[in-house]
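Residue numbers (my numbering), protein chains in the order written: chain U, 1 to 459; chain Y, 1 to 101.
Incorrect hints may have been included.
[To be verified] Derived SDA-like pairs: lysine to any residue, alpha-carbon spacing no greater than 20 Å straight-line:
| hint | chain 1 | residue 1 | chain 2 | residue 2 |
| --- | --- | --- | --- | --- |
| 1 | Y | 8 | U | 381 |
| 2 | U | 449 | U | 53 |
| 3 | U | 452 | Y | 92 |
| 4 | Y | 8 | U | 61 |
| 5 | U | 452 | Y | 8 |
| 6 | Y | 10 | U | 58 |
| 7 | Y | 8 | U | 54 |
| 8 | Y | 10 | U | 53 |
| 9 | U | 57 | Y | 10 |
| 10 | Y | 10 | U | 26 |
| 11 | U | 206 | U | 194 |
| 12 | U | 449 | Y | 8 |
| 13 | U | 452 | Y | 94 |
| 14 | U | 452 | Y | 89 |
| 15 | U | 449 | Y | 73 |
| 16 | U | 449 | Y | 68 |
| 17 | Y | 8 | Y | 29 |
| 18 | U | 57 | U | 205 |
| 19 | Y | 10 | U | 52 |
| 20 | U | 452 | Y | 79 |
| 21 | Y | 8 | U | 173 |
| 22 | Y | 10 | U | 170 |
| 23 | U | 196 | U | 180 |
| 24 | U | 449 | Y | 79 |
| 25 | U | 26 | U | 81 |
| 26 | U | 66 | U | 209 |
| 27 | U | 449 | Y | 66 |
| 28 | Y | 8 | U | 174 |
[Said to hold, decoys possible] A few chain Y residues that don't get close to chain U, going by computed Cβ distances all over 12 Å:
| hint | residue |
| --- | --- |
| 29 | 22 |
| 30 | 23 |
| 31 | 24 |
| 32 | 38 |
| 33 | 86 |
| 34 | 94 |
Bear in mind the hints are in silico, worked out from the structure with no lab data behind them.
Each residue gets a CB set at the ideal place from its N, CA and C atoms; glycine is no exception.
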Amino acid sequence: MAMDDPRVVVVGAGPAGVRAAEALVKHGLRPLVIDEAPLSGGQIYRRPPPGFRRTTKELYGFEAAKAEAIHRTFDGLTDVIDYRPRTLAWNVQDRVLYTACDDVVTPVSFDALLLATGATDRVLPFPGWTLPGVYTLGGSQVALKHQGCAVGRRMVFLGSTPLLYLVAYQYARAGAEVAAVLDTAPFSAKVRAVPKLLSNTSMFVKGLYTMAALHRLGVAIEHGVRPVAVEGDDAVAGLRYRRRGEGEVRIDCDAVAFGFGLRPESQLADLADCDFRFDPVFHQWLPQCADDGRAGEGIYLAGDGARIGGADAAEVSGELAALSLIEDLGGGPGDKARSVELSRRLSSLVRFQAGLAGAFPWPADMARSLPDNAIVCRCERVTAGEVRQAVQRPLGGGCEINRAKAFSRIGMGRCQGRFCGLSSAEISAAAQDRDISSVGRLRGAGPVKPIKLATVLDE
Amino acid sequence: MPQFVRLKEKSRPRVTITVDGATVEALEGDTLLTALLTNGRRVRESEFGDGARAGFCVIGACQDCWVWMDGGERTRACTTYIAEGMTIFTHNPEWPWTTPA
Ligand SMILES: Cc1cc2nc3c(=O)[nH]c(=O)nc-3n(C[C@H](O)[C@H](O)[C@H](O)COP(=O)(O)OP(=O)(O)OC[C@H]3O[C@@H](n4cnc5c(N)ncnc54)[C@H](O)[C@@H]3O)c2cc1C
Ligand code: FES
Numbered sequence: 001m002a003m004d005d006p007r008v009v010v011v012g013a014g015p016a017g018v019r020a021a022e023a024l025v026k027h028g029l030r031p032l033v034i035d036e037a038p039l040s041g042g043q044i045y046r047r048p049p050p051g052f053r054r055t056t057k058e059l060y061g062f063e064a065a066k067a068e069a070i071h072r073t074f075d076g077l078t079d080v081i082d083y084r085p086r087t088l089a090w091n092v093q094d095r096v097l098y099t100a101c102d103d104v105v106t107p108v109s110f111d112a113l114l115l116a117t118g119a120t121d122r123v124l125p126f127p128g129w130t131l132p133g134v135y136t137l138g139g140s141q142v143a144l145k146h147q148g149c150a151v152g153r154r155m156v157f158l159g160s161t162p163l164l165y166l167v168a169y170q171y172a173r174a175g176a177e178v179a180a181v182l183d184t185a186p187f188s189a190k191v192r193a194v195p196k197l198l199s200n201t202s203m204f205v206k207g208l209y210t211m212a213a214l215h216r217l218g219v220a221i222e223h224g225v226r227p228v229a230v231e232g233d234d235a236v237a238g239l240r241y242r243r244r245g246e247g248e249v250r251i252d253c254d255a256v257a258f259g260f261g262l263r264p265e266s267q268l269a270d271l272a273d274c275d276f277r278f279d280p281v282f283h284q285w286l287p288q289c290a291d292d293g294r295a296g297e298g299i300y301l302a303g304d305g306a307r308i309g310g311a312d313a314a315e316v317s318g319e320l321a322a323l324s325l326i327e328d329l330g331g332g333p334g335d336k337a338r339s340v341e342l343s344r345r346l347s348s349l350v351r352f353q354a355g356l357a358g359a360f361p362w363p364a365d366m367a368r369s370l371p372d373n374a375i376v377c378r379c380e381r382v383t384a385g386e387v388r389q390a391v392q393r394p395l396g397g398g399c400e401i402n403r404a405k406a407f408s409r410i411g412m413g414r415c416q417g418r419f420c421g422l423s424s425a426e427i428s429a430a431a432q433d434r435d436i437s438s439v440g441r442l443r444g445a446g447p448v449k450p451i452k453l454a455t456v457l458d459e
Numbered sequence: 001m002p003q004f005v006r007l008k009e010k011s012r013p014r015v016t017i018t019v020d021g022a023t024v025e026a027l028e029g030d031t032l033l034t035a036l037l038t039n040g041r042r043v044r045e046s047e048f049g050d051g052a053r054a055g056f057c058v059i060g061a062c063q064d065c066w067v068w069m070d071g072g073e074r075t076r077a078c079t080t081y082i083a084e085g086m087t088i089f090t091h092n093p094e095w096p097w098t099t100p101a
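Build the full structure now, drawing on both the sequences and the hints.
Encoded structure:
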């Protein structure tokens, strides 16, 4: 694939995309970098709007230095790349990436496409989760980081993910009232995961510090709970939950932030024909790519959009994927020694993530016990009962999740299955007493997010 | 009682917008979601008659925070920044009633 002026496109200006762009520029390329956000930084290093005053230390805590480095690196690149902020990449077809900014759609043909699209919260529904006042954990963090707001006056944090403790701590530090941190995993899961977590001592210590700090701030932490229902007529008034081996408890609150880890934004990878496999450790379908980011001819994946690895792994995998891309373009052997070093670091970070997946397991049983009348798809208001009925119909288009989609409209709403895909698969599997890996997955479709009716402009 | 509570960055200039005909005060740099939820507890009605919604993901992924601009154009409240004099509707102005499914 040797060519004089190859068109290289990077989607995403988070840690993965920034490090990828930096490496591409270092090797003489001028990539096009597309991000739908107005500012670079991605999720973890998201930058505040103009006019906000908090310091990076206040915004990013432990990770302030890394955030500054990513911001500085990207700001140093904007003159030597073609940066298009506020631009959504919404489809890929025949080596053309379709982008949209305001009312203008621009097709961009590419020789190489590096997808660094990041992740969103992975959720499982429970009764009342559509009420005003219920947010994702990541969303509650963004409200604080990006807008200086708590999503409620009296907060309950719930879920199974390191973000649970981190966000609760950030809220408590900012002066919010944290009524409880409810971890759905038993404490024993954490103890069992310690050997793997020790592969990254500094991350492990930060995790312990966060939990200890919550304790010091007097925040109640419970392990092994199951949410029963969010209560409230028009908005959150409380949460009912079950303690292990005990009865139900009710706690007053006006906001619940919850999440069970992350799921990759892998729709573009899907549209670019990447292969997907069910990953038993991370308990979800992931696009397949080699450790060096190669995912198909001219297609590269990096960061949390490929495999949940966290921000440090995103930086490493972004640079690594860019080096693979450079090598494939025929611009020389890339930088072999650097690639080897990056691969080594990446595999250690991935080992740590596998440890985290064990410490913060996905509570699949919540899908099985979800009442029939609970909403699973918040876009089209599809209930658990409707999903169960759809997969149990005697005739239909195959006994899997796409049948549930055809009969119940699950996954056909405007979020494109981001928030119901995994839970509806879990419900379908449980209803048929099958393993979730055997019921298939919802396919990504373009546009990956709703776009305005627009003028098409050819480049 | 509003849903969102301002904890930080409170000394930004004030901006006034119009929501369903009423004047709403917010701060420069707010998203529409922040402006709406520091003044109340809802963003929109579900089309399916199951009550109010007030966003969910806050990062432009769930599409559960749609509101309408003056010209009838739809926008995501969580990724749209307010501007002085902005006029929005929390229901489709061309179709002012919600439709229970
Ligand atoms: C809300 C949220 C908060 C988080 N907070 C933390 C935290 O505090 N600490 C932590 O360790 N981890 C956090 N994470 C995990 C996070 O995924 C990683 O830490 C890290 O940000 C991953 O880096 P990345 O470069 O892979 O992706 P991201 O940082 O997510 O960057 C991806 C970028 O791609 C852009 N993008 C995606 N799809 C498109 C498209 N189709 N068109 C155009 N642009 C697109 C996005 O706008 C985004 O800027 C958070 C995740 C989420 C979802
Ligand atoms: S709150 Fe999810 S898209 Fe706005």
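Query raised in the report: Taking each numbered hint in turn, which are not upheld by the structure, reported in ascending numerical order?
Result: 1, 2, 5, 10, 12, 23 and 32
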